[in-house]
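Residue numbers (the UniProt record's numbering), protein chains in the order written: chain A, 1 to 226; chain B, 1 to 749; chain C, 1 to 81.
Treat each hint with caution, since some may be false.
Unchecked claim - If we take Cβ atoms under 7 Å as the criterion, some of the chain B residues that face chain C in the derived model are:
#, residue
1, E111
2, P149
3, G223
4, V251
5, D253
6, L747
What the hints assert, rightly or not - In silico DSS-like links for lysine-lysine, alpha-carbon gap of 30 Å or less:
#, chain 1, residue 1, chain 2, residue 2
7, A, K222, A, K38
8, B, K66, B, K199
9, A, K222, A, K41
10, C, K41, C, K11
11, A, K221, A, K41
12, C, K11, B, K20
13, B, K20, B, K7
14, A, K38, A, K221
15, B, K20, B, K66
16, B, K432, A, K117
17, B, K66, B, K626
18, B, K214, B, K345
19, A, K41, B, K345
20, B, K335, B, K345
21, B, K62, B, K626
22, B, K152, C, K11
23, B, K25, C, K41
24, B, K71, B, K626
25, B, K62, A, K38
26, B, K335, B, K152
27, A, K38, B, K335
Just so you know, the hints here were simulated from the structure itself, not pulled from any lab data.
Bear in mind that the values here come from a model prediction, so they are computed numbers and not experimental data.
Cβ atoms here follow ideal geometry from the backbone N, Cα and C, with glycine treated the same way.
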Amino acid sequence: MTARIGVVTFPGTLDDRDTQRAIGIAGAEAVPLWHRDKDLKQVDAVVLPGGFSYGDYLRAGAISRFSPVMGSIVEQANAGMPVLGICNGFQVLCEAHLLPGAMLRNTGLHFVCRDQKLRVETAATAWTADYAAGEEISIPLKNIDGRYTADERTLDDLEAEGRVVFRYRDVNPNGSLRDIAGISNAAGNVVGLMPHPEHAVEPLIGTGRTDGLAFFTSVIKKLVSA
Amino acid sequence: MTLDTVKHAAETPESGQPWKELGLKEDEYARIREILGRRPTGAELAMYSVMWSEHCSYKSSKVHLKQFGEKAPQTDALLVGIGENAGVVDVGQGYAVTFKIESHNHPSYIEPYQGAATGVGGIVRDILAMGARPVAVMDPLRFGAADHPDTKRVLPGVVAGVGGYGNCLGLPNIGGEVVFDPCYQGNPLVNALCVGVMKHEDIHLAQASGAGNKVILYGARTGGDGIGGVSVLASETFDSTGPSRRPAVQVGDPFQEKLLIECTLEIFREQLVAGIQDLGGAGLSCATSELASAGSGGMRVELDTVPLRDATLSPEEILMSESQERMCAIVEPDKVDRFLEICEKWDVIATVIGEVTEGSRLEIFWHGEQIVDVPPRSVAHEGPTYHRPYARPDWQDTLQADDAGRLPRPADSAELRAQVLTLVGSPNQASKSWVTDQYDRFVQGNTVLAQPEDSGVVRIDADTDLGVALATDGNGRYAKLDPYTGAQLALAEAYRNVAATGAKPLAVSDCLNFGSPEDPAVMWQFAEATRGLADGCLALGTPVTGGNVSLYNQTGDAAIHPTPVVAVLGVIDDVNRRTPMAFGEQGQLILLLGETREEFGGSAWSQVVHDHLGGMPPAVDLEREKLLAEILISGSRDGMIDAAHDLSDGGLIQAVTESCLRGGHGARLVVPDGLDAFTFLFSESAGRAIVAVPRSEELRFTDMCGARGLPVTRIGVIDGDAVEVQGEFAIPLAELGAVHEGTIPGLLA
Amino acid sequence: MARVVVDVMLKPEILDPQGQAVQRALPRLGFAGISDVRQGKRFELEVEGPVDDAALARIREMAETFLANTVIEDFDVKVES
Numbered sequence: 001m002t003a004r005i006g007v008v009t010f011p012g013t014l015d016d017r018d019t020q021r022a023i024g025i026a027g028a029e030a031v032p033l034w035h036r037d038k039d040l041k042q043v044d045a046v047v048l049p050g051g052f053s054y055g056d057y058l059r060a061g062a063i064s065r066f067s068p069v070m071g072s073i074v075e076q077a078n079a080g081m082p083v084l085g086i087c088n089g090f091q092v093l094c095e096a097h098l099l100p101g102a103m104l105r106n107t108g109l110h111f112v113c114r115d116q117k118l119r120v121e122t123a124a125t126a127w128t129a130d131y132a133a134g135e136e137i138s139i140p141l142k143n144i145d146g147r148y149t150a151d152e153r154t155l156d157d158l159e160a161e162g163r164v165v166f167r168y169r170d171v172n173p174n175g176s177l178r179d180i181a182g183i184s185n186a187a188g189n190v191v192g193l194m195p196h197p198e199h200a201v202e203p204l205i206g207t208g209r210t211d212g213l214a215f216f217t218s219v220i221k222k223l224v225s226a
Numbered sequence: 001m002t003l004d005t006v007k008h009a010a011e012t013p014e015s016g017q018p019w020k021e022l023g024l025k026e027d028e029y030a031r032i033r034e035i036l037g038r039r040p041t042g043a044e045l046a047m048y049s050v051m052w053s054e055h056c057s058y059k060s061s062k063v064h065l066k067q068f069g070e071k072a073p074q075t076d077a078l079l080v081g082i083g084e085n086a087g088v089v090d091v092g093q094g095y096a097v098t099f100k101i102e103s104h105n106h107p108s109y110i111e112p113y114q115g116a117a118t119g120v121g122g123i124v125r126d127i128l129a130m131g132a133r134p135v136a137v138m139d140p141l142r143f144g145a146a147d148h149p150d151t152k153r154v155l156p157g158v159v160a161g162v163g164g165y166g167n168c169l170g171l172p173n174i175g176g177e178v179v180f181d182p183c184y185q186g187n188p189l190v191n192a193l194c195v196g197v198m199k200h201e202d203i204h205l206a207q208a209s210g211a212g213n214k215v216i217l218y219g220a221r222t223g224g225d226g227i228g229g230v231s232v233l234a235s236e237t238f239d240s241t242g243p244s245r246r247p248a249v250q251v252g253d254p255f256q257e258k259l260l261i262e263c264t265l266e267i268f269r270e271q272l273v274a275g276i277q278d279l280g281g282a283g284l285s286c287a288t289s290e291l292a293s294a295g296s297g298g299m300r301v302e303l304d305t306v307p308l309r310d311a312t313l314s315p316e317e318i319l320m321s322e323s324q325e326r327m328c329a330i331v332e333p334d335k336v337d338r339f340l341e342i343c344e345k346w347d348v349i350a351t352v353i354g355e356v357t358e359g360s361r362l363e364i365f366w367h368g369e370q371i372v373d374v375p376p377r378s379v380a381h382e383g384p385t386y387h388r389p390y391a392r393p394d395w396q397d398t399l400q401a402d403d404a405g406r407l408p409r410p411a412d413s414a415e416l417r418a419q420v421l422t423l424v425g426s427p428n429q430a431s432k433s434w435v436t437d438q439y440d441r442f443v444q445g446n447t448v449l450a451q452p453e454d455s456g457v458v459r460i461d462a463d464t465d466l467g468v469a470l471a472t473d474g475n476g477r478y479a480k481l482d483p484y485t486g487a488q489l490a491l492a493e494a495y496r497n498v499a500a501t502g503a504k505p506l507a508v509s510d511c512l513n514f515g516s517p518e519d520p521a522v523m524w525q526f527a528e529a530t531r532g533l534a535d536g537c538l539a540l541g542t543p544v545t546g547g548n549v550s551l552y553n554q555t556g557d558a559a560i561h562p563t564p565v566v567a568v569l570g571v572i573d574d575v576n577r578r579t580p581m582a583f584g585e586q587g588q589l590i591l592l593l594g595e596t597r598e599e600f601g602g603s604a605w606s607q608v609v610h611d612h613l614g615g616m617p618p619a620v621d622l623e624r625e626k627l628l629a630e631i632l633i634s635g636s637r638d639g640m641i642d643a644a645h646d647l648s649d650g651g652l653i654q655a656v657t658e659s660c661l662r663g664g665h666g667a668r669l670v671v672p673d674g675l676d677a678f679t680f681l682f683s684e685s686a687g688r689a690i691v692a693v694p695r696s697e698e699l700r701f702t703d704m705c706g707a708r709g710l711p712v713t714r715i716g717v718i719d720g721d722a723v724e725v726q727g728e729f730a731i732p733l734a735e736l737g738a739v740h741e742g743t744i745p746g747l748l749a
Numbered sequence: 001m002a003r004v005v006v007d008v009m010l011k012p013e014i015l016d017p018q019g020q021a022v023q024r025a026l027p028r029l030g031f032a033g034i035s036d037v038r039q040g041k042r043f044e045l046e047v048e049g050p051v052d053d054a055a056l057a058r059i060r061e062m063a064e065t066f067l068a069n070t071v072i073e074d075f076d077v078k079v080e081s
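Can you build the whole structure from these sequences, using the hints too?
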C-alpha cells in the first residue's frame, strides 16, 4: 500500500506545497486538506505545515486552532493517528492543547533564518524512528515566534517522559527553554518542532542536505507496516 | 459640502479649484480644461493631478526612457515589453518569467517598517497581475553612513519591514544589496524586486475590453491610506517641516496579500478574467483609467459600491486612496459568480463596481450622480511630457581630474595586510548576514542559491530542473564620477553575476534613483545614465523589460549619487549545473579571468582607506563582458569549474576572501608577473572573475579561454586555513571572518 | 512607587490588520455582535518618586518619542496608583 499523508492549508499557510513535495519524494501520497473541511479524506497521517496562518495575528496559531479541520485532527490524534506540526503547525498544536507549552517572540526579537543543528533526543516517536537517538542533524529554521516556553513542572515531565524530541545544538536561536526545538505527546504519535524538515529533502535545494527526509520515511514505514 | 458633479462643473466654469495644491502646473490645469471642454470636477481634478504626477506619468524621464525601446536589441525572448505592469521573458519549456524592480524610497524614510513592507507588497502585486505566481523577491537597499544615528532607526525598520512582509507571503528572499554612503542620509533607497513564473498561455494584460464585462474590485477594503501619497509623497522633495505635513502612512497586511495571491492564482487557473490590474500608486484612479485606456471601449464605475474601511471618505478620497492589497479584474458576466465564489473561499472581499461600456469615456458615478466623464487615455497615457534642461555640471571635470591613482598606497607588506582587513571589515564590504538572516530564503523549497552568492537561483520546474537566476547591482560612486559608464558598470556587474552562477543573461529591469529633475546637473546625470544603460543593453543583447524611476531623492541642494540599480534575469537549463561561489575543495586551482589594470576611481579602497571619491570609474568593455559570460556558462555546463565569483567593488582580495570564508578553506595566492601586489589585490577593473578549477580540468579550461581570446592567469591554489599572498602576508581565516562577520552586528545589534 | 499606564493604539485612520483578523474570526467562534476590533499595546511603568506634573511630562515625552510611533499611533497616559 501507499501511505496517504494529509497536508493542511490554513489561510496564510506557506509551506503546504513544499511539504506535499517532500512527502512525494519520501514515497507517500500527499493529500491536500482544507481548513474549512471537517473531512480528513481518510488519510493515515497529517502534517500541519509552516507559515503565518491568519497572519499570526493575535497569537501564532491562535485563530487556526478553531478551524473545522482541527476538530477532526484533534479527534484522530487522540485516537493515535500520527500528526506532525512544523513551525506554525507546532504553534497550532500547542494552541489546540495537543502538545503542552506555548511559543513566544524570539529573545533576539528578529526573524531568524538559518541552517540549524539539532540533536534527535528520541527515536521513539512516529516521526523519528528512522533516526538514532543522539544523532545530530542540520535543517533550516525560520521563525520570529519560536521561543518554546512551559512551566517548570511541564518541562520536567517532558524530560522525564522522554518527550523532548529535538534540542538545538551549538546555537539556541530563539531562547527556547532547555534548548527545546521539538516535543511529542505521551503516545509519541503527535510531534511538533520549529525547524523545517520539509526544506531538507533534496541535495541541491536549500541547505544542500537531506537530513529532514527521515521524518517522512519514519512515518511511512510505520504506516505501511501497520 | 455639495457634490461636485459633471453637471455642476459645466454650470460653474469660474469656480476656483486647488490645482496648485494638488501639484499641477498652471498650463497642466489649462490643458485639463481644454481636454474636457469645461472645468474638471473635484474627482476629475484628483485623478488628473495624481496620474499626471511625476511618479505616475514619468513626465520628466520619459523623453529619455524611450531609448530603451528605440535601442532595444533584437531578441525572441521578450514576450511582453515595456509598458505593461512588468515585462515577460520566454525561458523555454513553455515557461515565461516576469520580473520588475521598483522603488519605495520616500515612504521608507518616513516610516521604515511600513514603507519597506508596502514596497514589497506593491511589486508582488505587479507580478501577480501579469498572471504569474511570484517565486522570489530581492531588495537592494541603500542607507546613510553606517555609524550615523538615523541609520540605526531606518535600517532595522526597513529590514524588519522587508522580512515581515515577504516572509509572511512565503516568498524566498534570494539576493539584493546593502550599501552605506553619507549621500543617502535622509534619502535611503529601498528598491524591491519580484520575479514570477507562468506558462506562456497564462499571460494576462491590464486591459478592459468587451462591452458588458464586469469590473470587480477585490481584496482589502478602501481606507484613507496614503491619500495624495503619490503626488505629495513620491514627487516632492521631502523636507523636515514637522509631522503635521506628513501624509497618512500606508499600512501593509501581508496576510491579506497572501490570500489575494492564492485567490488570484485560482481565478487564473479557471480562466475567469479578461483583464487585470493591481492597485498601487494612485489606487482606483490609476487602475480604472489604465484598464479603460488600454482596452477597447469605455468604463462605467459606481464608486459608492466600493467597500470602505472608513465610511466618511469622500469620492475624491476613494479615488486617490492607496490602501494596499487590492486588485481590479475585468470579468465576463457569466463568470462573475464563479469569480466571487473563489474570493469567498479565500475570505477575500469582492465587489462588482462597474462594467465595460460601448463608449470611449471613463464615467464614474456617486449615488447615481456623475462625477467623472473623461477620455481615459488623457488620464493614463497622455499626461504631460517635460523636456527638462540638462547640463554637465561645472564640478564634473574637477571631480574626474582628482585621480584616485595618485592616492598614497601601502608602503610595505604590513600596511597592505592592515588595509586588506580594513577593507573586508568595512560596512560596505562586510558580511550582510545580520540583514539577510532576517529573510526567509528557503520557503517554496526551490532555492538553489541565495545571498551572498553572486546571483539568486530558483528552480522553476522540479521535473526538468529548469531554473532562473537574478542579480541586482548598482554603484552610485562610479555613476557620480561618470553616469554613462556608471550605469554600464551596474549592468555589466549584474550580467556577470548571473553568468558566474552558470545562467545565461536574458533581460533587464532597472530602478533609476536620482535627485531632483529640476536641477539641470541631476537631469544630465539621468540623461547620461539612461543613454549608457540603453547602449549597454543593446551591446549585451539584453532588453530592458520595465522598471521604475525615482526622482527628488535629495535634501535641500544635496542630491544622492546618481544610482541606477540594474537587475539582470538569466536562465539555467539544469540547476544541477549551477556554480556556487564557495571554494569547496583543497588543492583546486584559482584562476583569474580578464585583465587587471590600475583602476581605483570610485573604488572601495579609495573610500575605506582615503575617504576619497574622484577620477574615472573602471573602463567598460561590453564585448569582453559577453566573452567572459560565455566562458563562465560553458565552464559550468561542461563541469570544468567548481566555483566562480565575480570581481567588483573591493577587487580581487574581497572576492577571494568571500569565496574562502564561504567554503571554509584558505588560499595561497601569487602576484602575477607584471602586476604589483597592491594593484592585484585592490584594483576594480571590470570584466573579471575568479574560478576554482580541479587540476584535471585546468588544461581543458585554459585551452578554451585561449581559443576564445579571454586572458586567464593562474593566481593560486585553494589550500590551508589562511589567505596568503606569497611574499606579502598571510591572514588566518578566523581573523578575516571575525572582521568580515563582526562589523554589521557591531554597528546595529 | 506609582504605576503609570501608557496605552498605544494605531490612529483611527490607519489600517489595523491584526484587529481585522480577530474581528473576522469572532462570528465563526460564535461571538456575535462585535462590529470592530482594534488591537493595541499597553505599557505599565513603575515610577520611582512622586508622579507630579514634571514626571508626567517626561513620561508623555517618552511616549511620544519612544513608546509610540506618532506617525501611525496615538497614545494615552494614565496614572494608576
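Hint check:
1. Interface restraint check for E111 (chain B): the shortest CB-CB distance to chain C comes to about 5 Å, inside 7 Å, so the restraint holds.
2. At a threshold of 7 Å, the smallest CB-CB gap from P149 (chain B) to chain C is about 13 Å, leaving the interface hint violated.
3. A hinted interface residue such as G223 (chain B) counts as satisfied when its beta carbon comes closer than 7 Å to some beta carbon of chain C; here the least separation is about 6 Å, so the hint holds.
4. A least Cβ separation of about 4 Å between V251 (chain B) and chain C falls short of the 7 Å threshold, and the interface hint therefore holds.
5. Interface restraint check: D253 (chain B) against chain C, minimum CB-CB distance 4 Å, threshold 7 Å, status holds.
6. Annotation: L747 (chain B) was flagged as interfacial toward chain C, and the flag is violated, the nearest CB pair being 21 Å apart, outside 7 Å.
7. Proximity of K222 (chain A) to K38 (chain A) is assessed by CA-CA distance (about 25 Å); at most 30 Å being required, the pair is judged to hold.
8. With a C-alpha separation of about 29 Å, the suggested pairing of K66 (chain B) with K199 (chain B) holds against the 30 Å cut-off.
9. A C-alpha spacing of about 19 Å is found between K222 (chain A) and K41 (chain A), which places the hinted pair at or below 30 Å, so the restraint holds.
10. Between the alpha carbons of K41 (chain C) and K11 (chain C) the distance comes to roughly 12 Å, so the proposed pair stays at or under 30 Å and holds.
11. Restraint check for K221 (chain A) and K41 (chain A): satisfied, since their Cα atoms lie roughly 20 Å apart, inside the 30 Å limit.
12. For the suggested pair K11 (chain C) and K20 (chain B), the alpha carbons sit about 29 Å apart, so the restraint of at most 30 Å is met.
13. Straight-line distance between C-alpha atoms of K20 (chain B) and K7 (chain B) comes to about 23 Å, which keeps the hinted pair within the 30 Å bound.
14. At most 30 Å may separate the alpha-carbon atoms for a hinted pair to count; K38 (chain A) and K221 (chain A) meet this at roughly 27 Å.
15. Simply put, K20 (chain B) and K66 (chain B) have alpha-carbon atoms about 29 Å apart, close enough for the 30 Å limit, and the pair holds.
16. Restraint check for K432 (chain B) and K117 (chain A): the C-alpha separation of about 21 Å stays at or below 30 Å, so the hint holds.
17. Between the alpha carbons of K66 (chain B) and K626 (chain B) the distance comes to roughly 25 Å, so the proposed pair stays at or under 30 Å and holds.
18. Distance check on the hinted pair: K214 (chain B) and K345 (chain B) sit about 20 Å apart at the alpha-carbon level, within 30 Å; holds.
19. Taking the CA atoms of K41 (chain A) and K345 (chain B), the gap is near 19 Å; set against the 30 Å cutoff, the hint holds.
20. With a C-alpha separation of about 16 Å, the suggested pair K335 (chain B) and K345 (chain B) falls inside the 30 Å cut-off, and the hint holds.
21. The suggested pairing of K62 (chain B) with K626 (chain B) holds, with an alpha-carbon distance near 29 Å, which does not exceed 30 Å.
22. The suggested pairing of K152 (chain B) with K11 (chain C) holds, with an alpha-carbon distance near 25 Å, which does not exceed 30 Å.
23. For the given pair, K25 (chain B) sits about 44 Å from K41 (chain C) by alpha-carbon distance, which is inconsistent with the 30 Å threshold.
24. Taking the CA atoms of K71 (chain B) and K626 (chain B), the gap is near 18 Å; set against the 30 Å cutoff, the hint holds.
25. The hinted pair formed by K62 (chain B) and K38 (chain A) fails the criterion: a straight-line CA distance of about 56 Å is larger than 30 Å.
26. Using a Cα cut-off of 30 Å, the hinted pair K335 (chain B) and K152 (chain B) is violated, with the two alpha carbons roughly 51 Å apart.
27. Distance check on the hinted pair: K38 (chain A) and K335 (chain B) sit about 29 Å apart at the alpha-carbon level, within 30 Å; holds.
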